[in-house]
Amino acid sequence: MFILISNYKEKLLYKEVKPLEYVIEMLNITKQFGNFRANDNITLQLGKGEIHALLGENGAGKTTLMNVLFGLYQPEEGEIRVNGKKVNVTSPNVANDLGIGMVHQHFMLVENLTVTENIILGNEPKKMGVVNIKDAAKKVAEISNTYGLNVDPYAKIEDISVGMQQRVEILKTLYRGANILIFDEPTASLTPQEIQELIGIMKKLITEGKSIILITHKLQEIMDVSDRVTVIRKGQGIGTVVTSETNPEELATLMVGRQVTFKTEKGPANPQEEVLSIENLVVLDYRGVEKVKGLNLSVRKGEIVGLAGIDGNGQSELIEAIAGLRKVKSGKITINSKDITGLKPRKITESGLGHIPQDRHKHGLVLDFSVGYNAALQEYYHVPYSKNGLMHYDVVSEKAKKIIEEYDVRTQGEHELSRALSGGNQQKLIIGREVSRNPELLIAALPTRGLDVGAIEFIHKRLIEQRDKGKAVFLISFELDEVMNVSDRIAVIHDGQIVDTVIPSETTEKELGLLMAGHSKKENGQHVRKEGVDRDV
Amino acid sequence: MSNRVIKILVPAISIILGLLVGAVVMLFSGYDPVAGYIALWNGIFGDSYAIGETIRQISPYILAGLAVAFAFRTGLFNIGVEGQLMVGWFASAYVGAAFELPMYIHLPFALLAAAVAGALWGLVPGILKATLRVHEVIVTIMMNYVALHVVNALIKTVSGGSYKTDKIQPTASLRSEFLSNLTDYSTLHYGIFVALGMVIVMWFILEKTKTGFELKSVGFNENASQYAGMNVKKNIILSMVISGAFAGLGGAMEGLGTFGSMTNQGGFTGIGFDGIAVALLGANAPLGIIFGASLFGSLKYGANNMPNAAGIPLEIVSIVIALIIFFVACGYIIRVGLQRLNKKKEAK
Chain U
1 MFILISNYKE
11 KLLYKEVKPL
21 EYVIEMLNIT
31 KQFGNFRAND
41 NITLQLGKGE
51 IHALLGENGA
61 GKTTLMNVLF
71 GLYQPEEGEI
81 RVNGKKVNVT
91 SPNVANDLGI
101 GMVHQHFMLV
111 ENLTVTENII
121 LGNEPKKMGV
131 VNIKDAAKKV
141 AEISNTYGLN
151 VDPYAKIEDI
161 SVGMQQRVEI
171 LKTLYRGANI
181 LIFDEPTASL
191 TPQEIQELIG
201 IMKKLITEGK
211 SIILITHKLQ
221 EIMDVSDRVT
231 VIRKGQGIGT
241 VVTSETNPEE
251 LATLMVGRQV
261 TFKTEKGPAN
271 PQEEVLSIEN
281 LVVLDYRGVE
291 KVKGLNLSVR
301 KGEIVGLAGI
311 DGNGQSELIE
321 AIAGLRKVKS
331 GKITINSKDI
341 TGLKPRKITE
351 SGLGHIPQDR
361 HKHGLVLDFS
371 VGYNAALQEY
381 YHVPYSKNGL
391 MHYDVVSEKA
401 KKIIEEYDVR
411 TQGEHELSRA
421 LSGGNQQKLI
431 IGREVSRNPE
441 LLIAALPTRG
451 LDVGAIEFIH
461 KRLIEQRDKG
471 KAVFLISFEL
481 DEVMNVSDRI
491 AVIHDGQIVD
501 TVIPSETTEK
511 ELGLLMAGHS
521 KKENGQHVRK
531 EGVDRDV
Chain X
1 MSNRVIKILV
11 PAISIILGLL
21 VGAVVMLFSG
31 YDPVAGYIAL
41 WNGIFGDSYA
51 IGETIRQISP
61 YILAGLAVAF
71 AFRTGLFNIG
81 VEGQLMVGWF
91 ASAYVGAAFE
101 LPMYIHLPFA
111 LLAAAVAGAL
121 WGLVPGILKA
131 TLRVHEVIVT
141 IMMNYVALHV
151 VNALIKTVSG
161 GSYKTDKIQP
171 TASLRSEFLS
181 NLTDYSTLHY
191 GIFVALGMVI
201 VMWFILEKTK
211 TGFELKSVGF
221 NENASQYAGM
231 NVKKNIILSM
241 VISGAFAGLG
251 GAMEGLGTFG
261 SMTNQGGFTG
271 IGFDGIAVAL
281 LGANAPLGII
291 FGASLFGSLK
301 YGANNMPNAA
311 GIPLEIVSIV
321 IALIIFFVAC
331 GYIIRVGLQR
341 LNKKKEAK
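The listed protein sequences correspond, in order, to chains U and X. First residue of the first sequence? That's 1 in my numbering, and the numbers climb one at a time after it. First residue of the second sequence? That's 1 in my numbering, and the numbers climb one at a time after it.
This is chain X alone, in the form it adopts within the complex (with noise of 0.2 angstroms):
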């Protein structure tokens, strides 16, 4: 078996590890797994409603993993994309509907606002590091908690004490007649193409540009960068900030496109969190990433039609949706498994 053999086996089997899982835990809560899988199935891929609805529930997942890996790829852990993602929302949702412009402007104003809201709220967290070293896992976390809540006191002051935002202006929206007729009037939106552009836009600059070639390079070791006369500090700040535009924008997925609005938030979107999975599902690469929102997309989508279809409660869809990914997450004992087996073969 070759290492590119493995790369692809790995997650295959990983996946066929958790059906099975998931199976057993059905079965034994006395719910048929046959039922439950091909409800599973026909809610992600069953009609083109469920097709559409699929891929737009993957568009913030792939925007929230690229955040993550981003930052991964440069040497930082930001567990703050859910803060950065809510902000990035609220900022979309604000300038769709505060501002009368021609849609060529309106849209990409709006799409910026929510990419610089998330950036600065990576800045943060990137200063403190550069300057102070303290850890960014510590500031991103606590960011979180600050986001949550000033989006939800914004939400207050910018709707005159409502719970939710005004409905954004249609040329700030991402909403497509054309997408949402081909998909039996889904809510899908054009926001799957900023999503795939940004991953393009990722591998671009860490892959192509003088930038990307810093960034990593101080991700690697900051010492042999500071030595090479590169800038470390401007570099970890900056690493940050394109980290929270990523996830800014996984934010304007929702404001300009699945809600139109912003609603007061009573926890985490989780969102951002699932990011963190999506990202090292992904290995951090940007084709990774795309299998990995696809993953936790379709699942998270997919798993609606279960209790409906096959009457399976929502608690046991939960636990079985959470042992596939865990099973794709244990990939690592799996790729081990396979060498060794490979191992054998060659010893004999």
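For reference, chain U alone in the conformation it holds in the complex (with noise of 0.2 angstroms):
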């Protein structure tokens, strides 16, 4: 393996990146905090008109590298040249006088403002003493046509889809005549159409003359968009490739440092009796509409079931009922033949569930306890966390030191805030407290959301590990992929019930597709669309 990456290296170094005339050169850029050297010697030239990925892992250093770009930070060595004149970016209002612009992965926009008072907000143009909102409107407007961003100037935030939102901070940068866009994984947070929608926008900026960089540990991404690769690996510069000329395997082994192996490896499944059992459940969402309509579901011991199905469709509702966090409204639910419907979380817990939830901020981690504290928080109730009433923090932190390690959660200590955590260590954390309870049951949603092909790949082992070991696994996914990779059988839901139970070696992702879309298997192998599905889909 060793060989295998000083070859890449050897490639990299003798390899001259084809003559570019570059907007923007960070050379040999050091960034230190106290010890720690988040980003060291790293080089990025960013061509003219060309879309430049920036790869790394969670915490690799890629945010830093563009906050020094920003002007948010001031490297301790390094040199940053723009059109190749040395420049000192001392703060952003520099950056923005430069003609940098960056398109945040949260957005920074005023709710209740429309499109263009967010676009103007700081920088109003006035007559009069007056804002002058029609001027501004126009204005955006044109750059809106021009970029085929098909934005309402007048619509307010709130009553816009995610994407739209992006596209007005994209808005937001050119209407400041930015050149140089710097996306902060942008597609984060969007749908699939959202990101092929996306993609064009980036090349359509590019035939315009812009140039960006994209921020992204996302390979797929990478491959359909980018012109090249800059790779970094904990703070240091692995190098630059041409992206026509690698592959995303090359790519995961660079960023990650060792082989990364796409396709989950895992013995044939020993499934044995019923663990989780859900018969004719029925649940309804907060505004009191069913979500979950008559759903039957059986997981056993010894076997992964994945769930697949588009977000939306009962999915949340129905894990929040498992876990007693969402009333039922009826049907029955039983772990290990002992019925749990109704039940308070905590007994719910107690009768065998681990519950690895899709929302890792809002359920599943107190951000502002420590890393020892999130250890704990669901066994600081009994022995020997706490007693008679006392909480015995040095257990928790042996507890906590032990899940460290286990599952190699990146963190200064058990003492450090959760928050301070990157979003894959956080994710560890919580399935390193779920797992090591070893539940008869485990639910895992959307486990991996966020996360690099590093932490993936040890997320699936542990899934599987549990399997091994004879204990029921859950897994909710909206990726076809991992619910393909993972499973030893994918129940399909759609609207509230599960319309198919396949075995994925037996299937293809156009089936469950079609499937996840609404339409059922029938016999003669033609594919049939449901009644009354049309106005869902």
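Since the hints were derived computationally from the structure, they do not count as laboratory data. This one's a predicted model, so the numbers in the text were calculated from it and none came from an experiment. It is possible that some hints are incorrect.
[Said to hold, decoys possible] With a cut-off of at most 27 angstroms between alpha-carbon atoms, the simulated DSS-like pairs for lysine-lysine come out as follows:
#, chain 1, residue 1, chain 2, residue 2
1, U, Lys401, X, Lys208
2, X, Lys344, U, Lys85
3, X, Lys210, U, Lys362
4, U, Lys139, U, Lys127
5, U, Lys332, U, Lys347
6, U, Lys347, X, Lys210
7, X, Lys233, U, Lys387
8, X, Lys233, U, Lys327
9, U, Lys86, X, Lys343
10, X, Lys210, U, Lys344
11, X, Lys234, U, Lys362
12, X, Lys234, U, Lys344
13, X, Lys344, U, Lys86
14, U, Lys344, X, Lys233
15, U, Lys347, X, Lys234
Could you fit the two chains together into a complex? Lean on the hints.
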């Protein structure tokens, strides 16, 4: 494996990149925080009119590097050149003046203002002391047309979709005259269709003479849109490759520093008796609308059942009902033949449920608690973690240290705030907490959302490990790859019901896609649209 | 500069800045700031009597600060400390006067009555918040007015139409001949020990108990806490109840210590509201609250000496005191300034 990496390195070193006119050059940038080198000698050169991907694992230093470029941090070593001239980016204002714009991962928009109002915020054009919305809106509409963004300047932010909000962010940078756009993980919160549209927009921006830096850890995206890729790992610049001359496997290896298996390796399942059984379950959502409509499902010991489906077809309500966080209207849920319908969350946990919730910030962790406190969040109330009403924080720390080590949670220690951890490490902490209790049934809801390949591989291995120990695993995912790779059986949910259960080796992504869209499988192999689903799809 | 140095420097610089601006105000009003500050100093530390009175003044501030901080640490904003303190004051004065019991029962009983009264006053907003999601700030503010007028009505009722409750029995009093003699016959009483004891209690609850773990967890993230099997409603109510109990004890400092009775209140005592500032100055940490309360108590008491000794009118004195507190509260600005300075040094 080592030879393999050094081979790649040679390839990188000796490859002369075709001469480009560089709009931005970040040369040998080093940024240090105390003893920690967040960026260690990284070089990134952005050619004019290119989409340049910046690839690295969570916490590799991508954001730090971009913050250096954006003037939020001053580098200890190295220099930045814009259009060949050395510059000193001392603040974001300087970056703005240089034509650098950032499209943030978390949108910085005021919900109850209009698109135009958001765009001019902080820099309002005035006519006789009054804000001149009309002219601004006109200019916004003009830019929107030029780049095919299709944004209504007078729409309120709260009324438009996430994808549209992102376009507003793009518009904002263009309105301020940016020629170089930095996209920070732009696809994290988009639907597949919105991602396609975004890719179109990026290509359009390039044809109009802009240059783009794309920060991401999604390999497929890089393959789809970028011209070149700069890889960084643990703060170090690994090198730059031309996208057309590489492949996802190579990129993954460069990023993680070892070979990564995309196809999850696992032996055959050995399913035993039933652990989770759901009969005719009906659950309402917060508005009182029926979201789970008479659902039946079973998960057995020693198997992983994947739940495939499009977001919003009752998955969240189903999980919350099993975990006791949402009322069950009718039907029955049992774990190991024990009826848990309507029990309190803690009783259900004690009945053998481990739960990796889909929203790790909202349900998974108390972000302002330390790593140690969070490690004990499900067990703090009993011996040995507490006794006679008093906490035994030394035992809590011991437990946390064990999880940190076994689950490779990268943290400064059990006293660090969980908020300070990267997404992947937060997720590993939750998985450590849940899996280390060795639950009879493990529910993993979108366990790998937003994580890089290394972390995904790790999490999949843990799920399979649980299965091989004879536990039941129930995996909910919106990613077809994941469901196909990890599950032993796939239950497809549509409109609050399981429309079919298939075996991964006997199905295709296309068939799954059709099932998820509400088509049912017929004996003769033809797909027939089920009645009454048209309005939902 | 390390973070620790900054932490210590911030309040020190704040106080100095406050004193400087206060001096300017005195100068412009035609008074001698040096004489003024000497009078202030003497008012606080001048003799053992002044020290005794200052410490006496600090005790209720500590408890009011604890009440605010406890709620804050568990995710709630208790603006109702003022009202909880008043009902606590009345309860302690009533129990202190109405019963004849041996001291070892009577004094704890009277203190307990104050704590329970404050707790009940906190229970109402707690229940409303937990069950109906009514914001606790609104309810606690309104409960302050209710407390003010209910207490005044009760004083009238129990005293048979008078404006003042009966003097408490000596068996319920926190007064201490020993402490009083030690400080040249000041009104210093054992209340300060109760207050300091409660600082330890607050620290213990939050940092050592299972209940504290749950309270903090619910305060930070209700969703994750519910998912971890905690009873969110119970914990919200409990937080307000404990906070109210601290406030009620603050009232007992006045009822059983300083005054030994309760007089018809023309308006709010202000201690409860100052408690908010005390808690914020102290960063809601137990030791910080002792610092905040000491600052408030000293300035409040010491300032009384400024009109007498330096001839500065009470109004100017109030402005000077407010300025000092203002600058301490602006500690954030000073902290940011120091960090900038730090960064610049680092950059070089």
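Going down the list of hints, with the structure as the test:
no.: 1; hint: U:Lys401 x X:Lys208; verdict: 20 angstroms, holds
no.: 2; hint: X:Lys344 x U:Lys85; verdict: 25 angstroms, holds
no.: 3; hint: X:Lys210 x U:Lys362; verdict: 22 angstroms, holds
no.: 4; hint: U:Lys139 x U:Lys127; verdict: 15 angstroms, holds
no.: 5; hint: U:Lys332 x U:Lys347; verdict: 16 angstroms, holds
no.: 6; hint: U:Lys347 x X:Lys210; verdict: 18 angstroms, holds
no.: 7; hint: X:Lys233 x U:Lys387; verdict: 23 angstroms, holds
no.: 8; hint: X:Lys233 x U:Lys327; verdict: 17 angstroms, holds
no.: 9; hint: U:Lys86 x X:Lys343; verdict: 23 angstroms, holds
no.: 10; hint: X:Lys210 x U:Lys344; verdict: 19 angstroms, holds
no.: 11; hint: X:Lys234 x U:Lys362; verdict: 20 angstroms, holds
no.: 12; hint: X:Lys234 x U:Lys344; verdict: 14 angstroms, holds
no.: 13; hint: X:Lys344 x U:Lys86; verdict: 22 angstroms, holds
no.: 14; hint: U:Lys344 x X:Lys233; verdict: 14 angstroms, holds
no.: 15; hint: U:Lys347 x X:Lys234; verdict: 17 angstroms, holds
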